[in-house]
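> Next come the chains, spelled out residue by residue.
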Amino acid sequence: MVDLKLPKKRMMVNLAPAWKRAMSFFIDLFIIQFVIILPFGRVMTAKLPMSDNFSKNYEYFNSNSDIIQQLTIIFGLIFSLVFLYFVIFEYKFKQTPGKMFFNLYVEPVDKKETLTLLKVIIRNIAAVPIFPLSLLWIIDPLYMFTSGRRLSDILSKTEVVEEINLYD
Amino acid sequence: MIEKTLSLKDKLFSSFKILFFLWALASGISLFFGNDNEITGGNVAVIPIHGEITVLEQGGFSAGGASSEAIVDSLEKANNNPGIKAILLDIDSPGGSGVAADEISQKLKSINKTKVAVIRELGTSAAYWIATSTDYIFVNRLSLTGSIGVIGSYLDFSGFLNRYNITYERYVSGELKDMGSPFKEPSIRERETFQALIDKMKVFFVEEVALNRNMTLEKVDELATGEVFLGNEAVKLGLADAIGTKEDAIRYIGKKINSTAYEVDYRERKTFMDVLTGLSALSPPEIGKFIYPINNKIQLT
Chain A
1 MVDLKLPKKR
11 MMVNLAPAWK
21 RAMSFFIDLF
31 IIQFVIILPF
41 GRVMTAKLPM
51 SDNFSKNYEY
61 FNSNSDIIQQ
71 LTIIFGLIFS
81 LVFLYFVIFE
91 YKFKQTPGKM
101 FFNLYVEPVD
111 KKETLTLLKV
121 IIRNIAAVPI
131 FPLSLLWIID
141 PLYMFTSGRR
151 LSDILSKTEV
161 VEEINLYD
Chain B
1 MIEKTLSLKD
11 KLFSSFKILF
21 FLWALASGIS
31 LFFGNDNEIT
41 GGNVAVIPIH
51 GEITVLEQGG
61 FSAGGASSEA
71 IVDSLEKANN
81 NPGIKAILLD
91 IDSPGGSGVA
101 ADEISQKLKS
111 INKTKVAVIR
121 ELGTSAAYWI
131 ATSTDYIFVN
141 RLSLTGSIGV
151 IGSYLDFSGF
161 LNRYNITYER
171 YVSGELKDMG
181 SPFKEPSIRE
191 RETFQALIDK
201 MKVFFVEEVA
211 LNRNMTLEKV
221 DELATGEVFL
231 GNEAVKLGLA
241 DAIGTKEDAI
251 RYIGKKINST
261 AYEVDYRERK
271 TFMDVLTGLS
281 ALSPPEIGKF
291 IYPINNKIQL
301 T
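One line per chain: the protein sequences are A and B, in this order. Using the working numbering, read the first sequence as starting at 1 and increasing by one per residue. Using the working numbering, read the second sequence as starting at 1 and increasing by one per residue.
This is chain A alone, in the form it adopts within the complex (with noise of 0.2 Å):
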């Protein structure tokens, strides 16, 4: 066989920069928009108020307790549902749609260990809409400022690596 001394391919993996992330979470969110909220934007039209005026649709809201419970359980289940979307495909491929896009990929700190479904589950715990896991959306994104993770990625001991080609 002949050698045609082609060069060889290389992959190198860093850590994926703060940028990337965020466009990734971005298109996710975009995804997110068309597969799961609206499908319920008929029944949030139907049951949200019409009119324009902040303090009319306060004093709605104070008089029908009802919608504001039917509210709440949409709203529960549309963030259980973001949930299910994050754990799956990251259980399953490492990856959302939105890190595909940018080639980026979960993975354990320590390499030895697999990516395990209680990891997934412990980086995406803030799309479940308790609190007091719901603060994590706040303290997310200021861990992420300063320390280049998320607080949800150092409990779960994983992190979010790029993967880049390169040729001799």
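One or more hints might be untrue.
Here are the simulated EDC-like cross-link-like pairs (lysine to aspartate or glutamate), alpha carbons at most 20 Å apart as the crow flies [to be verified]: (1) B/Lys177 / B/Glu192; (2) B/Lys9 / A/Glu159; (3) B/Lys11 / A/Glu107; (4) B/Lys11 / A/Asp66; (5) A/Lys112 / A/Asp66; (6) B/Lys17 / A/Glu107.
Which chain A residues face chain B? A few, computed with CB under 7 Å, are given here [stated by the list, open to error]: (7) Val35; (8) Val43; (9) Leu81; (10) Tyr85; (11) Val87; (12) Ile88; (13) Pro97; (14) Pro132.
If you're looking for bench data, these hints aren't it; they were derived computationally from the structure. Each residue gets a CB set at the ideal place from its N, CA and C atoms; glycine is no exception.
Add chain B to chain A, keeping to what the hints say.
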């Protein structure tokens, strides 16, 4: 290096399968929260009755008016929705078909919720009939209302045809079969029959108004000259209950239902296909109309 077990093609295919599963799950769950019939963005269903009232939906792009078909449907939806505590009819109509008015009126009477009508500029004839089927009528002091009566007319082209030597060949199985044909001069019997029809319709109208407004037949009959009344006159005559706006009506409903009243639009929404299919729809000829001749309406400019 990251361990990869799936090819890109497999990954994409699996991703679509997961997305479809999530979409189906979301769609399925959303169905448990009611359908379009259960609009709950308010507790007062506002049903507009604007323009001429007809039985069937008027088609076309420029079609206006209110059909009993659509209004009865909206009333049914409002009645079936437990979140709706009251119905507000927003009336601005000169009237129209007696059958349509009766259909809407009967439907309103079958609903055991607070029903209020607010007459804006016009609420005459058939529109007034409908308003009387509610518990309370608000009018503007300048609204035109009343016009309790029936109108029926057609153009007689027989003189025109004679002038151009065109004859109307008449073959009928009975003397009155072509009654109302615009191509011949009506006979005395036809005129009498036509007038009798109009009078009978008027009796129904008077009886309904008397029953709905809790007035005597004599009193309503006295007012049933076809005369239109200004809102403030109508209140004095007992044809309406109070001078007020739509906001007053909402406040009144709030007191009645013992809760803050929030309006929700129960207008029948037309799809593009409805408009297209409506283009070919034709309205049947009407014998008696419960309408105030809108072309003669007094306008304050």
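> Each hint needs a verdict: does it hold in this structure or not?
Each hint tested on the structure:
no., hint, in the structure
1, B/Lys177 / B/Glu192, "holds, 14 Å"
2, B/Lys9 / A/Glu159, "violated, 26 Å"
3, B/Lys11 / A/Glu107, "holds, 18 Å"
4, B/Lys11 / A/Asp66, "violated, 43 Å"
5, A/Lys112 / A/Asp66, "violated, 51 Å"
6, B/Lys17 / A/Glu107, "violated, 24 Å"
7, Val35, "holds, 5 Å"
8, Val43, "holds, 4 Å"
9, Leu81, "holds, 6 Å"
10, Tyr85, "holds, 6 Å"
11, Val87, "violated, 11 Å"
12, Ile88, "holds, 5 Å"
13, Pro97, "holds, 6 Å"
14, Pro132, "violated, 26 Å"
Hint compliance for this structure: hints 2, 4, 5, 6, 11 and 14 are broken, all remaining hints hold.
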